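Student: Please model the complete structure; the sequences and the hints are all you need to start from.
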Amino acid sequence: MIETPSLVDQYCHGVLRTELGLGTFEAQLARTEGPPAPGTTLFDTQTGFAVRRWCPPLLGLEPHCPPARYLARRRELGALEATRMLLRGSGITTYLVDTGVPGDLTGPAEMACHGAAGAREIVRLEPLAEQVADTSGTVESFLTNLAEAVQGAAADAVAFTSIAGLRHGLALASEPPGPGEVRGAAARWLADRRVGGVLTDPVLLRHVLWIAVAVGLPLQLHAGLGEPGAHLDRTDPVLLTDFVRATAGLGTDLILLHGYPYHRQAAHLAGVFPHVYADSGAALVRTGARAATVLAEILELAPFGKILFSTGAHRLPELHVVGARLFREALGRVLGTWAAEGAWSLEDAQRVARMIAADNARRVYGLD
Amino acid sequence: MIETPSLVDQYCHGVLRTELGLGTFEAQLARTEGPPAPGTTLFDTQTGFAVRRWCPPLLGLEPHCPPARYLARRRELGALEATRMLLRGSGITTYLVDTGVPGDLTGPAEMACHGAAGAREIVRLEPLAEQVADTSGTVESFLTNLAEAVQGAAADAVAFTSIAGLRHGLALASEPPGPGEVRGAAARWLADRRVGGVLTDPVLLRHVLWIAVAVGLPLQLHAGLGEPGAHLDRTDPVLLTDFVRATAGLGTDLILLHGYPYHRQAAHLAGVFPHVYADSGAALVRTGARAATVLAEILELAPFGKILFSTGAHRLPELHVVGARLFREALGRVLGTWAAEGAWSLEDAQRVARMIAADNARRVYGLD
Amino acid sequence: MIETPSLVDQYCHGVLRTELGLGTFEAQLARTEGPPAPGTTLFDTQTGFAVRRWCPPLLGLEPHCPPARYLARRRELGALEATRMLLRGSGITTYLVDTGVPGDLTGPAEMACHGAAGAREIVRLEPLAEQVADTSGTVESFLTNLAEAVQGAAADAVAFTSIAGLRHGLALASEPPGPGEVRGAAARWLADRRVGGVLTDPVLLRHVLWIAVAVGLPLQLHAGLGEPGAHLDRTDPVLLTDFVRATAGLGTDLILLHGYPYHRQAAHLAGVFPHVYADSGAALVRTGARAATVLAEILELAPFGKILFSTGAHRLPELHVVGARLFREALGRVLGTWAAEGAWSLEDAQRVARMIAADNARRVYGLD
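Chain order of the listed sequences is A, B and C. Residue 1 is where the first sequence starts when you use the numbering used here, and the numbers rise one by one after that. Residue 1 is where the second sequence starts when you use the numbering used here, and the numbers rise one by one after that. Residue 1 is where the third sequence starts when you use the numbering used here, and the numbers rise one by one after that.
Worth double-checking, as some hints may not be accurate.
[Claimed, not checked] Computed, partial: chain A to chain B, Cβ under 10 angstroms:
{"hint": "1", "residue": "A147"}
{"hint": "2", "residue": "V334"}
{"hint": "3", "residue": "T337"}
{"hint": "4", "residue": "G342"}
Quick caveat, the hints were computed from the structure, so don't treat them as lab data. Just so you know, these numbers come straight off a predicted model, no measurement behind them. From the three backbone atoms N, C-alpha and C, an ideal C-beta is built for every residue, glycine too.
Tutor: In structure tokens:
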């Protein structure tokens, strides 16, 4: 009843090219600090159960087959062929790929080829700044090169993404830092840092954000659930309120990624501020059988033109599959129920489904 | 099965008297900072869809008809006739009207007349203090007049309401400020201020709250969702814990308005403190098809004698309709399901429905 | 379909031995500051309705009979016989009993005897420290006796429990306090304190926690909903993130009790950190007809090997009954629905049910 023929995954990563053993595969199912507790396995999670539900049939096995059997079949096919079968079975028609995460992962061109889909690049700001620092000899050259690198990246990319919220928390001062402040912070960082050193200085994090705001590409901000290392208490998107207000009217859209468990707050910001959008993404992959409820919570306050689908998938093509299938099923169930009850008209439900699945992303990112 | 013959709307505003075009009507459907984003409309929200579901039939049209058709019918009837048809179709039997918001809105007497219902006034504290400041020449006269104005307002009003949480955040110091502190703050405010200037000083906000507490009328505090301009991170009602404890046993009831997305926290406070009540109101209008779930979340921790129905509607009589209809449907569905499953007895479900719809409000506000 | 033959209640208290009148019984149904508001009763809560649903049939009455009738039947049977009938009807097979709450309550041996079940002791750290202070003459003897008392308690107990979060809030400094700091805090506390004085000093609260961490028994931390007196705004378990990280890899498991309304955050910590577990407990007793939803929210992020059942029941055996029945019904409904929809396999659903009901607790607490 609720059809979504196009599916633009507005935020994901590439996949691993190597063959995976059971332990390596399991480790990708969650983001943890340390190995699973004794007597437990990461397969016993919503993500693990969702992978076992949706992926085995795409490789010719029955749903919910044991992990070892699934991994054996995956190795039998080879990583490349399994990746192709999985991505093509996901239903995703365009991938927007964050290329700034570590590891030997497929880039946008390979994702497009393997998935028989479109693909575009998202540039992650913090690694870009770190690369510039690796190759700049002085504070002045670092700052000049940084501005050029961000502007240059905009030529091919459809968006910037920032993990300032994971590195420092989202309660960043709202105004751009002054030139002297930036120079001081850069001098201290460059003096202390070795090649590969990570950017966590709040002044420089803000400086990079404001360069990106000036460029005008949509800017994705990680909020809520994040990588281990983040303080969950500093990633509530309401902490961004001052920054959001400071960037209103400048012509740059902000997309709040993830959000969960603060997705209702993210949806509220998307309702109040014209330039703010809410992601319906990674939360579904993480919550599995609960995806319909989590999606419905996002649909409470966010205007329907401000919600964007993503998978947030990383490293395993299984996560792209799970993100897309859970989204489609959840969307169909939630909107279909509202239409069946008469709360929404069926025509509205079908139109909103297409907006969230693809049309909103096409408009925000200027995709053809 | 679950009937609520009486419906006391314990918090709403009046409606606009003028004819409305499509754009003006749309702008009332949400509280935003700025116009809708390009390519989006505020009709594509839960509130917009709920208006299209419930209101066209009251004006003789089919549910979910296009906004332009609905507005044309509304103009054909005239604002006055449309208002009468809508309010009388809402099922609300008593309106408690906050008269302290800007704009040319109908007062309690007109709401009663148009809606063929009862109506009483709620006095908003901050605009009252601003009016007193506009007409007081000295600090001493301001403070004397302010105390008299608050006490005088209590003669006709059934409650006070405060937006201190929206102006400053809810983490107010819990004790009343001392006389010298108040005089100093008043002197500074009056010296800086022009006629019509808004009260945001935390000392004076607390001073006004404590005058109201001393009067003894129920005091409504805005929490959670608010007007644009509010910091959502400062409106969690748990921030009120110290103020709540400081006012315990003084004989003045506190009603936490809105609450969402912190409505579970508001319900908890209503459970712990005898003088605290939780509003089931505006959150339903904002979340539309999700109203039953949001209401059920309030019903988790709040004792059933501590929950009060409201619409929180402002400016459009459509919002009174939507608030009342969503509430009745949600209440019937939630309590009816629990009775059908045997979790509650049907008799209890019917009794609790009447309590939340009207009886609790009658007791708290001393209505006949 | 979903069977849980064993039920390990990983956190509860003993029950009152005395006969109870209607008012005394009612007062145990919620944790409030002060008596119920005029015109309201604590029977009109989710807990009150759940007691009336599940307990009368165990004493030979119809479900939902009036409270006065239930209390009359309870007195007719006598407190002892009623306790035996209720506990044996709860389905709980092992009780882990926190013996550190005030009042003349049954201990683990009596719980085992009355309930025809197993029972073990949980030692509450703060009252233990207070008892040591009552009997220690000097700072040095207090600190020596405290360390010995905690280590000694570990001989018979299966876990420690701490209410530092209710006494001070969970934003405790993450590192153990230094020896001089501890001595200074102890000197001040002992000098000011009378016999029976309560421990609220944050340095000493941390000191006691770190002694317990060194002993290595599982350590339960109260978070979220608590006793009156707690600041709900300081009990979000994400505030524990630094303490959790500081204790990683030391071999001591942390169990986050209650959690609600921050149970999604507690579940997230259980997902990220190998040594953290989430309780599914008292929140169900408090939310009654909503128990299935609250349990489902915990099941979003917490790995299934990291969730532990409890009732959190105190003083009334009715609360043990309600906690166990609500849990079993909620678990069967949630997991049964997912299996029926194909989201989970039925075999997985049955296995996960047994894990949460008993197997996880057996592994974490080393029960036979």
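Student: All the hints need checking, so say for each whether the structure fits it.
Tutor: Status of the hints after comparison with the structure:
At its closest, the beta carbon of A147 (chain A) sits 28 angstroms from a beta carbon of chain B; the interface hint therefore is violated under the 10 angstroms criterion. Because the closest C-beta pair between V334 (chain A) and chain B is about 9 angstroms apart, less than 10 angstroms, the hint holds. Interface hint at T337 (chain A): satisfied, since its Cβ lies 9 angstroms from the closest Cβ of chain B, which is below the 10 angstroms cut-off. Residue-level restraint check for G342 (chain A) holds (minimum Cβ-Cβ distance to chain B is 7 angstroms; threshold 10 angstroms).
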